[in-house]
Amino acid sequence: MDKNHALKTGLLGLTFVLFMAALYLVFIYVPTEREMGVIQRNFYLMVPMGWLAILAFLVIFVCSILYLKSRSRSWDVIALSSAELGVLFTSLALIVGSIWARPVWGVWWTWEPRLTATLVLWLIYLAYFMVRAFAAEESRGAAFAAVVGIVGFIDVPIIGMSTTLWRGMHPPMIIFQGGIDPAMLLTLIVSIIAFTALYCLLLVQRVSMRNDEIEIARLKKTYS
Amino acid sequence: MGFWRKVLAITWKDALSEVRTREVVSSVLVFALLVIVVFNFAFGTRQEVVTAIAPGLLWVTFAFAGVLSLNRAFIPEKEQGCLEGLMVCPVSRGAIYVGKMLASLLFMLVIEAVALPIFAFLFNLPVLSLQIIVITILTTVGFVAVGTLFSALAVNTRAREMVLPILFLPIVVPIIIGAVESSGLALSGKAWADLSSWLQIIAAFNVIFLAVSFLVFPFVIEE
Chain A
0 MDKNHALKTG LLGLTFVLFM AALYLVFIYV PTEREMGVIQ RNFYLMVPMG WLAILAFLVI
60 FVCSILYLKS RSRSWDVIAL SSAELGVLFT SLALIVGSIW ARPVWGVWWT WEPRLTATLV
120 LWLIYLAYFM VRAFAAEESR GAAFAAVVGI VGFIDVPIIG MSTTLWRGMH PPMIIFQGGI
180 DPAMLLTLIV SIIAFTALYC LLLVQRVSMR NDEIEIARLK KTYS
Chain B
0 MGFWRKVLAI TWKDALSEVR TREVVSSVLV FALLVIVVFN FAFGTRQEVV TAIAPGLLWV
60 TFAFAGVLSL NRAFIPEKEQ GCLEGLMVCP VSRGAIYVGK MLASLLFMLV IEAVALPIFA
120 FLFNLPVLSL QIIVITILTT VGFVAVGTLF SALAVNTRAR EMVLPILFLP IVVPIIIGAV
180 ESSGLALSGK AWADLSSWLQ IIAAFNVIFL AVSFLVFPFV IEE
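In order, the protein sequence lines correspond to chains A and B. Here numbering that gives the first Met the number 0 is used: the first residue of the first sequence is 0, the next is one more, and so on. Here numbering that gives the first Met the number 0 is used: the first residue of the second sequence is 0, the next is one more, and so on.
Just chain B, with the same shape it has in the complex:
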């Protein structure tokens, strides 16, 4: 089998197990909805306040949802011995990383595809624009690129769920800033040219950390 067929086999395995258990997507969606509702109480419902804080709100929700779903990426693997199974397979560690990363990306995008319309509906905001969708996809790639690496690391520590956010959040600071700022510009009706420097930072982050994570991932899962 070629590299990509192995990768897709791992992604397919994750997608199938998700369809059967509905563990990650449904619970994270409920969580995202709860965060949005709680924010609503924290900041009030006045439209000008909502417009001002909407980009931040959106990305706090997605960052927390990301931590929650990425945490689950390796816990079932570890608990049911699947990771050992994958490691004795004739599959490179890099293929495991890419396969798991694509599965997490898929889950996150499904979650966001449902959360964004809810967000638009509850806050009466035009977040369903092409600009916001591009920003969301780009930033999510960055999230899962480092998140998959740190999730595999966290599952091998004693504190598990505690470790991922402590590692993940400081590292993704640049793309959170980029996502919040560019979403704010997009919501206030700016053109693509005004967003470009932020999109470039996010894209650069993605390329760099996909490569770095791919290279160091083998050192994280070895026994």
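Only chain A is shown next, with the shape it has when bound in the complex:
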């Protein structure tokens, strides 16, 4: 218990420091992009959120396999907690994407490949929660959700490929061509690390909270 508390405090401190650094870099340090102006600073929000949408699903995928193999409830608890965070960050990525698209492209929504893939990912997250909610018993719901988690994660790269091909040729990710200003790249990397630390912190908190919920439910059942 004590060790867990130390971990949480440590993560909280780390996340705080990283976010302060990221805020400084995003709002003060990094130069404003010439063509898009100030709105381009959304970039340092949207990319980390999109990254967390994938990372959270990767955690679901791994925990789902381990759950089906071992039937140990702790894996399901991590997968479900990660799914909650994943759907939160996927929603935020879509919202921030819309806010960015409006001034730059003149529309709230456009069927841009990565945006489309994110939307499909969001729909798979919804399916993940729905099978759980509709299952007759909790343990079956967990197994069903694990199946959706595995199938859904494997589908993500195929969705990405097909939406990219669907929209025709588009400029490849500029980051991998070295065409990004070093200051911008630094800001982006710090921001991604800060968001990843936030994800870890929230995941640890949610898992321990859910374990407490399970414990309370068990005690209630025993003593009522």
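A portion of the hints provided could be inaccurate.
[Stated by the list, open to error] In the DSS-like style, the derived pairs of lysine-lysine whose C-alpha atoms are separated by at most 30 Å in a straight line are:
no.	chain 1	residue 1	chain 2	residue 2
1	B	K77	A	K68
2	A	K2	A	K220
3	A	K7	A	K68
4	A	K219	A	K7
5	A	K68	A	K2
6	B	K5	A	K68
Calculated directly from the structure, the hints in this document are not laboratory data.
Chain B: place on chain A using the hints.
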């Protein structure tokens, strides 16, 4: 009995019960016809409009028909206790998956074999080409590969018919995009080479999800 004889026995059982009850194929066919007619009212009959939307129309019809027929794949099994019977048989869960999958594939292909000529007839479109037939068969394999898995999952939930489309449609997005785009190219008279990248995506999807569904299916039907 070897693996494939068990598989074919399950497929044969489904085909026989379908021939006797005519539950799935006939009702889904009527449904597909209705969708085509309703679309006709929604988009009008001008030939250039029809040509532009035909690939999308075709695949919306088949995707909905697929959901409808896949929903029926496990409901009679569950209601009449046949699934329990299959599970106590000395048959691996994998064989049950492949057998049910082949039966659903058979039903879907029969439905499409009737719906495609109707489509060609009503919309005056050359959809009876080799290219469209290959695209249809490939995409249908993908539909039933994930559809059989999710159908078995949905039948064990409280909401049953509601759950399948919610699971099925987002997962098959890549092959729906592939089928619509490649059908569009085929209808505008493009060569096989222009279709190849789409056909590759659909084929890759099929191989991956046949394998994944085969592996996770046992976890879906266990009691």
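Hint by hint, here is what the structure shows:
1. The suggested pairing of K77(B) with K68(A) holds, with an alpha-carbon distance near 26 Å, which does not exceed 30 Å.
2. Distance hint between K2(A) and K220(A) is fulfilled; the C-alpha atoms sit about 29 Å from each other, no more than 30 Å.
3. Proximity of K7(A) to K68(A) is assessed by CA-CA distance (about 29 Å); at most 30 Å being required, the pair is judged to hold.
4. Proximity of K219(A) to K7(A) is assessed by CA-CA distance (about 27 Å); at most 30 Å being required, the pair is judged to hold.
5. With a CA separation close to 28 Å, the supplied pair K68(A) and K2(A) stays within the 30 Å bound.
6. Restraint check for K5(B) and K68(A): the C-alpha separation of about 26 Å stays at or below 30 Å, so the hint holds.
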